[in-house]
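> One letter stands for each residue in the lines below.
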Amino acid sequence: MDTAHLVDLLLAVGMVVLALQVVSERAVLRSIILFVVFGLVMALAWTRLQAPDLALAEAAIGAGVTGALMMMAWRRLLIINPDQPADTPRGRSRVAVPVALLAAALVATIGLSALNIDPHANGAGLIALDELTDTSLGNPVTGVLLLFRNLDTLLEMAVLLIALLGARAVSTPAHPNEAAVVETSAPLVGALLAILVPLSILIATHLLLAGTNEPGGAFQAGAVLAAGGVALVLTARLQPGERPGVVTQLAVTAGLLAFVGIGVGIMAFGEKLLVLPGTWAIYVIETAMMVSIGLTLALLFAGAPALVGRPK
Amino acid sequence: MIAELLAGLVFIPLGATLLVLLLPRQARGYLCFTAVLALPLCLMPLTQAVWADGEITLALAEFTPPLGIVWRLDGLALIMLWLTAIVAVPVSLHALTSFPPGEQTGRGFWPLWLMLLAGINALFLSADLFNLYVTLEMITLAGVAMLGIGGNALALKAAMRYLLLGLLASLLYLLAVGLIYGQTGALDIYLVGERLETDRLAATALVLMITGLLVKSAIFPMHVWLPAAHGNAPGPVSAILSGLVVKVSLYMLIRIWFWMAGDWELPAAATALGLLGAGAILYGSLAALIQPRLKMVIAYSTVAQLGYVMLLFPLASINAFHAASYQLLAHGLAKAAMFLAAANILWSIGTDRLHALTDLNRKLPVDLFALALAAVSIMGLPPSGGFLAKWLLLEAAWQQGAWGWLILISIGSLLSAAYLFRVIALTCFHPERRHVPTRWQSPPSSASIAALVLALLAIAAGFTSAPILGLIDDSLPPGGIWP
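Protein chains in written order, with the numbering used here: chain A, 1 to 312; chain B, 1001 to 1483.
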């Protein structure tokens, strides 16, 4: 057994153990932290499977944003009910063992079927690589997301907007400062932010531009941008606002506006539905999507319809 | 022109959502309602085109399968799109008063409702397994969020359960799509049907898909989330969830079973699906019979009525196909009407406990009339859409000598008559009962008219069978299983 196999084995065993710990841990906070670790190990696994785009997305969204969202939810629970620590009840649920057995059987069945997979010679993946040579793109994932199957991406953006609209419709807005966790006047906070926030913008822009030829793209870039926003919310530099203004609304809809505007507007010029007119259109749409994804995730994190600057 | 109209079905509501978020408050109501009214206008020329030339296909972004996504509009999809448009107009009329676009609840409702419409239309057009998944996610998320508008504690609890079960179901479906894509390198339903061999992988994928879709459609015994969700949702949202949203995953189930796996020999699985339908009919009807609240009766009735559609799988004949399509259509209209009428009663009296609802025939004659007309269709009394659906189903069972199913359908109809007559008897014929409600206000007339229009359409569906059945005949599944 060589080193590569050993690493794979370690990742596989590590993921199963971490997953078990995530569900069996009683303290919710520890469970969340373990989940974030699980997401990072998962990202490593995707790298080993030579899916760097997925690894980036898993690390940024699966581990980063999701973990931050869950921690914020945990904090809200503490604020609502300070006396009772948000722990899961003692003792094992009656359905735990049957559910675990069922899940194991499911994994085994799927695994056994997947072992026998014999990919079709004329699969979409090979055709995508073939078609990619006719475009100016170097990253087949971006090709699939923005050109070959762009309706999926467009509707995924709609799903994200629905999530934000749903959160707005269902939840009561957080109070100003409720989202902040750092003593805002501490001297090091400003210095930290002065590094973190520009860095998040820089990395996001790099991921976005790299996405045309290498791993990266609007989803990963948006998640990194959201991390910058989360830092600003945590330090109360940005605070939950009551009503979304025009700028907020424009920013959260920008991705869809650009996508629908170009993809459907193109029909007025005699082109077919969702045919993009060139590489510039891909850049415009991806940039707008990055802004929308970043702001939407930051808003979901803050649990607020809008974000406003700290009052002086 | 055809491509523009197809695009309109999805992108008019989607674009309207974006505009609603950006425009000032005053303009929103008109914009939302206009966007909904545009849907039937788009469908009319499309219907003519399907009528004349048969199925319409549109390769999006000019990439054809296996790489690209294709929209296919055939008779069955067209009927479902019409159901969506026809239910959407009165429901929106109702929502103009129950969720005024300028107020807090309206600001939550309208963008989600328009997004939901875009998702439903995109789903009916799509013939791509992964694209169907994305549209189904749009629909589930929007449905869950709409359920929580207004912040009623029972509704929020139901929304959470719906969300968790819905996500589990999506995950099962997605796992199956992954397996199928790994094997065939394709996602288009037709192409997958050609390429997929009947082996263990295909069987695993089909079981996962069906389980996921059964949870989403709330077919017995996976119905546990539905009654609380539909029974506690705010006014028009119940009508939307029961009339449209549960139909969507049933439609997908029919597509996948008959189009993707059309030539597989699966008699045992088909019987199993039929038995689930039988369980749904019996359990849903009996549970509806003992519910203390009007909206819960209607919600359990949905569990029961969806069971009839499941009988399509074991019967699998042209008649059964007619019947199932007609049941989807007629139930969608009648159930939306019932929930709108119930919403008006609830709004007017402040409770929907059956024992508090007395003398409705004098207080709310229009709403009670709508409720009763819709009940006629649900019970399957002539002349209504529901009658036609059940008659066709009985005929299908009779032709094949399937006496078990025949008896089941008859018992189901009797039970539905029992629980609906109970509602009507309690609401009309006990004027002297003591629980006189203290609160009382008459509902807006447009809200009552919306319920009545839908109920009349459910009855009228009994007279328009020829063109609808003609459309279905032109879009029967491929494969030679049709006796």
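Rather than coming from a laboratory, the hints here were simulated on the basis of the structure. Beta carbons: idealized from backbone N, C-alpha and C, even for Gly. Be a bit skeptical, because a hint or two may be false.
[Said to hold, decoys possible] Part of the chain A face toward chain B, derived, beta carbon under 10 Å:
{"#": "1", "residue": "Pro244"}
{"#": "2", "residue": "Trp280"}
{"#": "3", "residue": "Val284"}
[To be verified] For lysine to any residue, the following SDA-like pairs were computed, each having C-alpha atoms within a straight-line distance of at most 25 Å:
{"#": "4", "chain 1": "B", "residue 1": "Lys1363", "chain 2": "A", "residue 2": "Asp83"}
{"#": "5", "chain 1": "B", "residue 1": "Lys1157", "chain 2": "B", "residue 2": "Gly1178"}
{"#": "6", "chain 1": "B", "residue 1": "Lys1157", "chain 2": "A", "residue 2": "Glu131"}
{"#": "7", "chain 1": "B", "residue 1": "Lys1157", "chain 2": "A", "residue 2": "Leu77"}
{"#": "8", "chain 1": "A", "residue 1": "Lys272", "chain 2": "A", "residue 2": "Glu131"}
{"#": "9", "chain 1": "A", "residue 1": "Lys272", "chain 2": "B", "residue 2": "Gly1350"}
{"#": "10", "chain 1": "A", "residue 1": "Lys272", "chain 2": "B", "residue 2": "Lys1157"}
{"#": "11", "chain 1": "A", "residue 1": "Lys272", "chain 2": "B", "residue 2": "Cys1042"}
> Indicate, hint by hint, whether the structure satisfies it.
Going through the hints against the structure:
For Pro244 (chain A), the shortest C-beta to C-beta distance to chain B is roughly 8 Å, which falls under 10 Å, so the interface hint holds. With a least beta-carbon distance of about 16 Å to chain B, the hint placing Trp280 (chain A) at the interface is violated under the 10 Å criterion. Interface restraint check for Val284 (chain A): the shortest CB-CB distance to chain B comes to about 16 Å, outside 10 Å, so the restraint is violated. The straight-line distance between the Cα atoms of Lys1363 (chain B) and Asp83 (chain A) is roughly 50 Å, outside the 25 Å bound, and the hint therefore fails.
Restraint check: the Cα-Cα separation between Lys1157 (chain B) and Gly1178 (chain B) comes to about 32 Å, which exceeds 25 Å; the hinted pair is violated. Taken as a hint, the Lys1157 (chain B) and Glu131 (chain A) pair is broken in the structure, with Cα atoms around 48 Å apart against an allowance of 25 Å. Between the alpha carbons of Lys1157 (chain B) and Leu77 (chain A) the distance comes to roughly 16 Å, so the proposed pair stays at or under 25 Å and holds. In summary, the hint linking Lys272 (chain A) to Glu131 (chain A) is supported, as the alpha carbons are separated by about 18 Å, within the 25 Å threshold.
For the hint linking Lys272 (chain A) to Gly1350 (chain B), the alpha-carbon distance of about 52 Å lies beyond 25 Å, and the restraint is violated. Restraint check: the Cα-Cα separation between Lys272 (chain A) and Lys1157 (chain B) comes to about 45 Å, which exceeds 25 Å; the hinted pair is violated. Our distance criterion of 25 Å between C-alpha atoms is met by Lys272 (chain A) and Cys1042 (chain B), whose separation comes to about 18 Å.
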